[in-house]
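**Student:** Residue numbers (the numbering used here), protein chains in the order written: chain A, 1 to 359; chain B, 1 to 359.
Rather than coming from a laboratory, the hints here were simulated on the basis of the structure.
A portion of the hints provided could be inaccurate.
No distinction is drawn between identical chains; accordingly, a pair holds when it is met within one copy or between any pair of copies.
Restricting the straight-line Cα-Cα distance to at most 25 Å, the calculated cross-link-like pairs of lysine to aspartate or glutamate (DMTMM-like) are [said to hold, decoys possible]:
1) 159 - 122
2) 146 - 229
3) 146 - 37
4) 157 - 22
5) 157 - 121
6) 159 - 23
7) 157 - 23
8) 159 - 37
Protein chains: 2
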Amino acid sequence: MQENALPVFEGPVCPVPLHHGEEIVIGHGSGGRMTHELIQQVFAPAFTSPEVASSNDSAAVGLPQSAGLRGKLSISTDSHIVSPLFFPGGDIGRLAVCGTVNDVSMSGATPLYLTAGFILEEGFPVSTLQRVVDSMQTAAQEAGIKVIAGDTKVVEKGKADGLFINTAGIGWIPEGREIGGQLACPGDIVLVSGPMGAHGIAVLAARGELGFETEIQSDVAPLNHLIQELLLAAPHTHVLRDPTRGGLATTLNEIAGQSQVGIWIDEKSIPVLPAVRAASEMLGFDPLYIANEGKLIVVVPQEEASAAMLAMRNNPYGGQTVQIGRIEPSPVGRVLLHTLVGGTRILDMLSGEMLPRIC
Amino acid sequence: MQENALPVFEGPVCPVPLHHGEEIVIGHGSGGRMTHELIQQVFAPAFTSPEVASSNDSAAVGLPQSAGLRGKLSISTDSHIVSPLFFPGGDIGRLAVCGTVNDVSMSGATPLYLTAGFILEEGFPVSTLQRVVDSMQTAAQEAGIKVIAGDTKVVEKGKADGLFINTAGIGWIPEGREIGGQLACPGDIVLVSGPMGAHGIAVLAARGELGFETEIQSDVAPLNHLIQELLLAAPHTHVLRDPTRGGLATTLNEIAGQSQVGIWIDEKSIPVLPAVRAASEMLGFDPLYIANEGKLIVVVPQEEASAAMLAMRNNPYGGQTVQIGRIEPSPVGRVLLHTLVGGTRILDMLSGEMLPRIC
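So here's chain A without its partners, still in its complex pose (with noise of 0.2 Å):
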């Protein structure tokens, strides 16, 4: 499984096993450690294949040899099931878009194609089947990419939520473009494109959940645009990652494990929106944790970041790019924040579940 595959552990990280008779928990949803150890446990030992295996966003693969492809294919999933379906900023419809436009892109590909499937409850108001459809087109549109196949199942009053959408996305990787999780190198620097969590929030809030009015949208958007300005800029970008469900700290966490090195990060120059983290104090969330579905990271290497930076900046989705730390041989696997008040901890991966439903 791409979306969510299980990065290499080292250290004192025990993962619970699943047992015999267990069932389905929330957290199996979250992007988290739990949701890692069902793909370890039951996807992975069946889908074997070095694509499954690279646990980046999106696989990359070739075509026969008579077909004459240069390059690769990037091709990844996701299934949307946001609740309330429509929330500021954003709607399950762009979202769904926006989700596979980013997994595609995230190997540097040029994303091309988009299938949808959709599972309609009985009673689904058609009117808003169309308001969802028509911001997948805009959406779809923004990103230059195209809706080329479909599919339509109804299940009974009860047996679903209103609306669930799976989108699939193609894309064209160049030859010799080669970004991956496995890649950052000790000495890169670590960017974000902007500010962390405001999409988890604006969808709590808009469910009624904080207690409290705010302004906050969400961020969701299609960064393909962002990371073909970027790659020409630094072409020789080694990670492209979007801190979706279990946030920043879960995907650094990924990298550092994937790339078997130490990610140090400085808390202070990583940037959250005062409405964001006040809504976050509030709930007991850390931002570090909360889903973001139009950020980005980069690893790249230093003598490209100031070029990376400032091409990102360029970029309407862009325009808050920091440098946030850096990649070091050491604690393998491990991602370290050095605090606000001066010291150092570990950031671990999510665990359970913070934020059901919101991507």
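Knowing the structure of chain A, use the given hints to seat chain B on it.
**Tutor:** For chain B alone, kept in the frame of chain A given last:
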């Protein structure tokens, strides 16, 4: 939308328009006329592209010229919501793999890669998920396709029905291969690979809805090897389709509409297992509208029809291939049935929902 896109209707068929304020009903997912109306009125206007307009089981698309691709990609998606998850002859996992392998293959493509998105209901047994995943891998191995990317989401108890699986498939269509629902020509022969309706009846039996015992097994199977052998023997094959939701009658109507031809079918030549016929009669169903998951409709020029039939009969999934009819210039967009009693009647598209949630 490819899977169930809108063929052209002519003559007295008047689709009922969707009204503002209308709600989704089970019939919108049947694969019959209501599904086509939903696609025509909601999806098609948004997702306009030549690939979507082609109304085939899969989209045939190219890559940027610099990718060097010879031929095309075949891309398809399908969501699987069958209840119960296990039934005689198969399960949701085998169905999910075979359904998409078959859709990709209907363009004459070699299916290569599969994505899998799992939506799990809280409380679903991990051991059952393991059985389904193992069944998927067995089917993928039989088809020779790799599962390369996946996604797992969990919804609260009561917000889904155990397990839904979405699959998307990618295949390669060699240069020069032209197969599609719009290519049937007057004079062509129509073949089917075996008896109709077993899958739908097997699922109903597994639900205990028949009220009597039956040994009918689902026909769910990957058809890609059968198709490759057929195309070696009959390289000028015009149309390949698998009669899934909506059954043989709906699929033939789609072909008649896309190709703007008449399809004349001989009822007595349509193979139906005695047990399927008996169950259908007791339930008031017509086997020609019941879903199949391992059957192939072939439209082939008369001069290659014998070679096609011979090749198909040599494959385990085509052992009972027969000729059921012929393409005529008229009536355009219609399927005519020479009935058992010697008359002729229009065989229409499925208009509502007959068998919910069987594929």
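**Student:** Each of the hints needs a verdict: does it hold here or not?
**Tutor:** Here is what the structure says about each hint:
1. When the C-alpha separation of residue 159 and residue 122 is checked against a cutoff of 25 Å, the pair qualifies both within a copy, at 9 Å, and between copies, at 13 Å.
2. In this homomeric assembly, residue 146 and residue 229 come within 25 Å of each other (Cα to Cα) only inside a single copy, at 21 Å, whereas the closest approach across copies is 33 Å.
3. Taking CA atoms no more than 25 Å apart as the test, residue 146 paired with residue 37 passes between copies only; the shortest distance there is 22 Å, against 34 Å inside one copy.
4. Taking identical chains as interchangeable, the C-alpha atoms of residue 157 and residue 22 lie at most 25 Å apart only when they sit on different chains, with a minimum of 15 Å there against 28 Å within one chain.
5. For the homomeric pair residue 157 and residue 121, the shortest alpha-carbon distances inside one copy (6 Å) and between copies (15 Å) are both at most 25 Å.
6. In this assembly of identical chains, the alpha carbons of residue 159 and residue 23 lie at most 25 Å apart whether taken from the same copy (19 Å) or from different copies (16 Å).
7. Taking identical chains as interchangeable, the C-alpha atoms of residue 157 and residue 23 lie at most 25 Å apart whether they share a chain (24 Å) or sit on different chains (11 Å).
8. For the identical chains of this complex, residue 159 and residue 37 are inter-copy neighbours only, at 23 Å across copies versus 27 Å inside a copy, given an alpha-carbon limit of 25 Å.
Consistency with the previously given hints is maintained throughout, with no hint failing.
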